[in-house]
Structures are given as structure tokens and as C-alpha cells.
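Read off the chains here:
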Amino acid sequence: MNALNLKKISSQTLWGGIAVGFTILLMIAVLLDSQGNIKLFSQVVAGGLYQGMLIFMVAAGLSIVFGLMDVLNFAQGSLLMVGAYVGFDVLSRMSASDKTNAFLLTLHVMVIGPILVLILWELTARLILPRVMKTVEIEHSSLFGKIQVVALTGVPLGFVVGSVWAKDFSGESDVVRVIFAVVVVLIALLSVSRNNILFGLRWLSNEGGIRFRRGMALLFNEEASPSDHVDYDPQFKQFDLNKEWLPLAFGVVVTVLVALVLNNTEVLMLRFGVAAIAAILAGSIAGIVMEIVFIRPTYVRPFFQIVLTFGLALVIREGIEYRYDIDPKGTLGGYLPEFLQGTFPPAYLRDLFPADFETTILNYWIFMIIMGLLMMIGVQLLLMRTRIGIIIRAGVQDSEMVEALGVNVRLVFTGVFALGAAIAAMGGIISAGFLNIDTTMGDLFLLQAIAVVIIGGLGSYAGTSLTAIVIGITRSVAAYFSRRQFNTDAPAPIVVLLLLCLVLYVKPSGLFGKEH
Amino acid sequence: MSELILEVNDIHTFIGQFHILEGVSVTVQQGGITVLLGRNGAGKTTTLRSILGLANVRSGHVQFQGREIRGMRPYKVAQLGIGYVPEHRAIFRDLTVEENLRIAERKPGDLAKRREFIYSLFPDLERLGHLGGNQLSGGQQQMLSVARALVPENQLLLIDEPSEGLAPVIIEQMMEAIRQLSVHTTVLLVEQNFRMASQLADQFVIIEEGKSVLAGRMSELVGNTELINRYLGAA
Numbered sequence: 001m002n003a004l005n006l007k008k009i010s011s012q013t014l015w016g017g018i019a020v021g022f023t024i025l026l027m028i029a030v031l032l033d034s035q036g037n038i039k040l041f042s043q044v045v046a047g048g049l050y051q052g053m054l055i056f057m058v059a060a061g062l063s064i065v066f067g068l069m070d071v072l073n074f075a076q077g078s079l080l081m082v083g084a085y086v087g088f089d090v091l092s093r094m095s096a097s098d099k100t101n102a103f104l105l106t107l108h109v110m111v112i113g114p115i116l117v118l119i120l121w122e123l124t125a126r127l128i129l130p131r132v133m134k135t136v137e138i139e140h141s142s143l144f145g146k147i148q149v150v151a152l153t154g155v156p157l158g159f160v161v162g163s164v165w166a167k168d169f170s171g172e173s174d175v176v177r178v179i180f181a182v183v184v185v186l187i188a189l190l191s192v193s194r195n196n197i198l199f200g201l202r203w204l205s206n207e208g209g210i211r212f213r214r215g216m217a218l219l220f221n222e223e224a225s226p227s228d229h230v231d232y233d234p235q236f237k238q239f240d241l242n243k244e245w246l247p248l249a250f251g252v253v254v255t256v257l258v259a260l261v262l263n264n265t266e267v268l269m270l271r272f273g274v275a276a277i278a279a280i281l282a283g284s285i286a287g288i289v290m291e292i293v294f295i296r297p298t299y300v301r302p303f304f305q306i307v308l309t310f311g312l313a314l315v316i317r318e319g320i321e322y323r324y325d326i327d328p329k330g331t332l333g334g335y336l337p338e339f340l341q342g343t344f345p346p347a348y349l350r351d352l353f354p355a356d357f358e359t360t361i362l363n364y365w366i367f368m369i370i371m372g373l374l375m376m377i378g379v380q381l382l383l384m385r386t387r388i389g390i391i392i393r394a395g396v397q398d399s400e401m402v403e404a405l406g407v408n409v410r411l412v413f414t415g416v417f418a419l420g421a422a423i424a425a426m427g428g429i430i431s432a433g434f435l436n437i438d439t440t441m442g443d444l445f446l447l448q449a450i451a452v453v454i455i456g457g458l459g460s461y462a463g464t465s466l467t468a469i470v471i472g473i474t475r476s477v478a479a480y481f482s483r484r485q486f487n488t489d490a491p492a493p494i495v496v497l498l499l500l501c502l503v504l505y506v507k508p509s510g511l512f513g514k515e516h
Numbered sequence: 001m002s003e004l005i006l007e008v009n010d011i012h013t014f015i016g017q018f019h020i021l022e023g024v025s026v027t028v029q030q031g032g033i034t035v036l037l038g039r040n041g042a043g044k045t046t047t048l049r050s051i052l053g054l055a056n057v058r059s060g061h062v063q064f065q066g067r068e069i070r071g072m073r074p075y076k077v078a079q080l081g082i083g084y085v086p087e088h089r090a091i092f093r094d095l096t097v098e099e100n101l102r103i104a105e106r107k108p109g110d111l112a113k114r115r116e117f118i119y120s121l122f123p124d125l126e127r128l129g130h131l132g133g134n135q136l137s138g139g140q141q142q143m144l145s146v147a148r149a150l151v152p153e154n155q156l157l158l159i160d161e162p163s164e165g166l167a168p169v170i171i172e173q174m175m176e177a178i179r180q181l182s183v184h185t186t187v188l189l190v191e192q193n194f195r196m197a198s199q200l201a202d203q204f205v206i207i208e209e210g211k212s213v214l215a216g217r218m219s220e221l222v223g224n225t226e227l228i229n230r231y232l233g234a235a
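Chains A and B supply the protein sequences, listed in that same order.
Just so we're aligned: the first sequence equals residues 1 to 516 in my numbering.
Just so we're aligned: the second sequence equals residues 1 to 235 in my numbering.
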């Protein structure tokens, strides 16, 4: 038994090492061929990395969804396209007026505030509070409870603070908006202190009732009933510091800080951010609808799913052609904030580098690489460190047992599908900043993402992440050599497929896959 | 007569096209251990799965604490307070022992409250916490599987073949653990090992070819070699 495990672990390390070694070899080949031209070399590597990240954003959803539900979703690429088109739609519709800008700021604070509050609160509750207050037993409430508290404090506060602080907020009083904000804040306060208020009301009515009955008994010269005495559940008596008031205070401070920072950022950045939020929302809603309406009824008939998701991809493409017509929309390059345009180093970092330092790497590539890395690490943390992650990893093996433990697996399936769709849609708007928006953009990524998921090992998230980078760099290097030899980079995608064939021949379960 | 915690009344269960249970009735009283006996393939496991909602029950009633649970989704049934220890253990191999326990929490803090009790039953688990589920021996996996069902406060545990494939020493340990946990929690046990079943259980139900045929007090069955031979083969 033990020897077997040892073999399994070393097999992952072995194949991971081979993949990394292969990538390094490719890079050395470029370095030698270009005779030490660092500029060219860095361009090939950065180009490979950004392509890898974009492929990853499609492959991530594909991989997790396949691992958990055994569904190979051929419409994942279409979700990327949905993200790109929705982003384009939102960006091209926004006017440049002050009111729009104020609205954008408000929206940002409302979205970013709660997320930051949640993250910072988690860190505080887990790292700092136990050290400062040793006597206080910190009871971690459920993720849903936290999200509720955070959303209820962060969203309305963001609304108020964002509205008030917007740099270009015009003097016209928007009474309805203010009243709405006040009402939402009150609801939030009520919800946070609900237990205490309920306890107060119950206490009042109980004690009042008891005194009234005693008085009546006195009036009629009767003995007061000894049962006229109420015991309260101890949990309502104490003031719950951790669950209620601290997060609230936290929410206020963090939201105000977020608003302050955002108020001083470029308006174009806010616009791009709002478009990204819209794209992600649209993608996850599309994912949720797909899962609930189409995929859920076919879990028992796996073959149907392949045909079904393939059909859905076509339907989505036709829908987009109907809505936005077939002409390519160009890139979103014109809508990008200044610091994402031009080549590295950007203007605000110019002073850090020697005066003659120049590269051919676009700032936007670096942005794409950073976003991809953040996604990669974020999902990895979600899978390894959270309860949801434990449920997903367990569900990959035996979802029936997870259900028998009291987890609503159907809901988890939908959530995971939505997560994968959201990542793809985000990949869509990010790639649209650099690549042409048209109705075939999803298909290109889908093919490579499928190759990545198979090479990495079906259902292995780590394998998918690593392979996405390897494939990205392989493509970039292949394009470099074929440009030199044939003056075209058309053969580059073929190399990816050759690699796929090779891996299937040598290790059919993929680099990190489990042998069955 | 103590209160009924579970009442299964004449259920008919299908797996695909196959009519597996053709009228099974089981009553489980609050407290103590009830054992389902019967030959291989008689339908004992399917009975447990039917109670949880994991199998397709076409007719009949399943009542838990007076509430009809037939047709409810399995996670809802579990949340009412039913723990499940399936046959072959169903440990999550890619999760650590600690994570295997954490996944069973129904609300935060469940594990913290029960940890001491769990370790008192299965001291081994304490030092194995960081190991992966795939690194455990069969006996350790079985202990983890039972421990997992103890994390939330369940009123009823469904335990399927806890002695299957275990060494005699481990079986003794497992029996002792089940005896101890049954002080707080009602247990419905499926067990082929008649010696183990007879020492643990207060009540028995015999299932044969998808029908429940006999039920009563364990003490009445133990001396009756004729019944044992007829329904269970050689004891």
C-alpha cells in the first residue's frame, strides 16, 4: 500500500518535472537561436505566458467541471466569447458624463468593498484576533453567514460613500438615491443586530406579561402562579462581538478606504472594471442557466451532454451574431486606461529603469499574465483551503457520499459551473483588450483548452494550471521558429496538437492524471 | 416500550428496472442497536440506502421521528440527523484525515465540539490527522468512516458492514466503539458477522430476498439455531 502511494506521488513530480524541463529546453533553444538577444527572448517568453493564461481561463472551468461532474463542456469557449461581447457592449455604451462617472465609482465601491471586507475580516479573525484576545473563543460562522453580513454592510455603505465622494458628482440632489441608500443601511443594521433586537422584544413582552399577570393576581387576591418565570436561551443574552459588531465596524472602515482609493484612479480604469464585472456576471448567469436547464437533466446520460454542450455552443454563437451582427468588433484597446497601453516599462515606472531600457513586451501582456496568475492562485486556494474546496475535491471522487453527509451537491454543481463560466467570461474581456472580438474567438481557445486539460490529466487542477503555461510557451516558441523558417506562424497550433498526441501515446491519463 | 425513532413501512425499491426491495418494514426504537440480518444480496444495503433517499423508493413509507422522509433529497435527510457509514467505507482518498472529518460538519464548530469524543473512541485518528485518506489501512479507514458520521450531532447512525475485511483485533475495537457510541446515538446496523451482531444488538430484523421476514429481540434469536440456520445459513 505504502509503496504504491510513494510511486503515485513521485509520478506526479516526475511528469511535472519533465513538463517544466521541456519548457526550459524550449526557452534555451530560443535563446541560442537568437544569439542571446534578450529583447527577442523576453518577448517570446512573455508572449507564451500570456497565451498560456488566456488558455488557462477557459481550461480552468473545463477541468474543474469535468472533475466534479464528468461533463466535458464544449460551450466553455462560447462563455469566453459572451464575456468579450458583454464587455464590449458595456464599454461602448457608457457616456462620459459626470453622472456616469459618479455611478461607476459607486458601483465599484459596492462590489470591491464587500470582497475586501470579507478577505480582511477572515485574515483578522484567523490571525490577529486569537492573539490579541486570548480569552475570547472565536466561533467561525458559516461562509454564507459571513457573506450575508459583509454584503449587507459593504454594499449599502459603498452606495452611500461612493455617491457622496464621487469626484465629478454633480450638485443636483438625487433624493431618491439618498433615501434608498439610507433605507438599505438601516436594513443592514437591523439584520446585523437582529438577534439582539429580537431578544429585547421577547424580553419586553415576557417580562411585561409576567408583571401584568402578577398584578391581576394581586387584584383578585390570588397566589401568583410559580411558573410565571422565563428562562432565556443563553445565546441571546450575550452580545456576539465576533459575529456582528466587529465585522460591521470593519465593513465601514474598509469601504471608506476603498472609496478613497478608487476616487483617485483613472476613470477609464473604472469603466474597464465595470465592464469586467458585467462580463463576469453575464458569464456566470449564462453558466447557471446552462447547468440548471440543460445539463442537470442529462447527468444520467453522459453521451447526450457532449452533443448538447456542442449544440449550446452553436446556439450561443448564433445568438451573438443575431444581437451584435457578424462583423468583428476590433479590440477594446481604445478603452484601456493609460497604464495598460504601450510597452514595458509603463510611464509611472520609467524612473526605476535605466534611461535606455526598452522592451517589446506590451504592458497589456503583463496585465493579462498577472490576472491569469491571480486566478490560478485564487482557485488553488479555494480548492485547498476552504470548506467549499474540500467539498469539491471530495465530490470529484464520490459525490453521492458527499450528499449523504448533508451537503446539497446539486447546488455545489451549479456553483462550480458558474465559477468556471465566470473565469471564462473574465478571460473573454481580458483577451478582448488585445485580440479581435469576433464570433470565432471562443473556438480557438476551446480547442487548446481541451488539449491542455487532456495533457494535464482530466480532472487535475494542478495539471491544468501547469500545462496551460507549458502549452502557451510551446506555442510561442513554435511561432518564433516557424516565423524564422517559413515566414508565418500558422504551424504553431499544430505543434500543440503534436504534443497532445505525444502525451496520449506516452501517458494516456495525462501528466497528473490518475491511472484507472 | 420506548419511542420509535425510525419506521420503515413496506417499502418497494427499484434499482434501474430491478425490483430490489419487495416490501421491507423495519422499526428502530430510540436508543440501542438494531441489526439487519440476511444473506448476501438480500437487500440490507439497499434498505439503508432507501432510508437515506439514495435509492429510488417507489412505494411505502419511511418516517424519521414521526416525519415522512421518503422522496426527500439525501442531503435533507442527512441534515435531519442521520449519519451514514457505507459499506466499503467511502473515505475520500484525496483528502487528509482531518479534511475527511471537516467535510462532515453541518455547522461550523461541530468538529471542535466532538473531537474529544471521537478521539476517545478511536485514539489512532489523532496522530493520523495529516495523512491522506489513501495512506490509511483498511481498519483505519473504517474508523475514520465511523468517526465522520459522528462529527455532527446525529440522532441515528446507519452503519453498513463495519467488520467487513478487518482483522479480528480491529473488529473487537470496532465493536467496542459502536457499543460506546450507541449510548448517545441510536444505531441501525447491517452486519454479516453473526457473532458480532448478536453481542451488540438489542433488536434484529431479518431480510430475505427483498422482504423483511422476521423481527424481534436479539436474545430470542440467539438460542434458536433453527431460525438462524434457516435464514442466515450456518452461524
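Bear in mind the hints are in silico, worked out from the structure with no lab data behind them.
All residues carry an ideal CB built from backbone N, CA and C; glycine is no exception.
Hints should not be assumed to be uniformly reliable.
[Said to hold, decoys possible] Heads up, incomplete: computed chain A residues facing chain B, CB under 8 Å, no partners named: (1) Ile391; (2) Glu403; (3) Leu458; (4) Ala462.
Now the hints, each set against the structure:
Evaluation of the Ile391(A) hint against chain B yields a held restraint, the C-beta minimum of about 6 Å falling below 8 Å. Below 8 Å, beta-carbon pairs count as interface contacts, and Glu403(A) has one with chain B at about 5 Å; its hint therefore holds. This hint is violated: Leu458(A) has a C-beta 14 Å from the nearest C-beta of chain B, more than the 8 Å allowed. Taking 8 Å as the C-beta cut-off, the interface hint given for Ala462(A) is violated, the closest approach to chain B being about 12 Å.
Checked against the numbered hints given earlier, the structure breaks hints 3 and 4 and satisfies all the rest.
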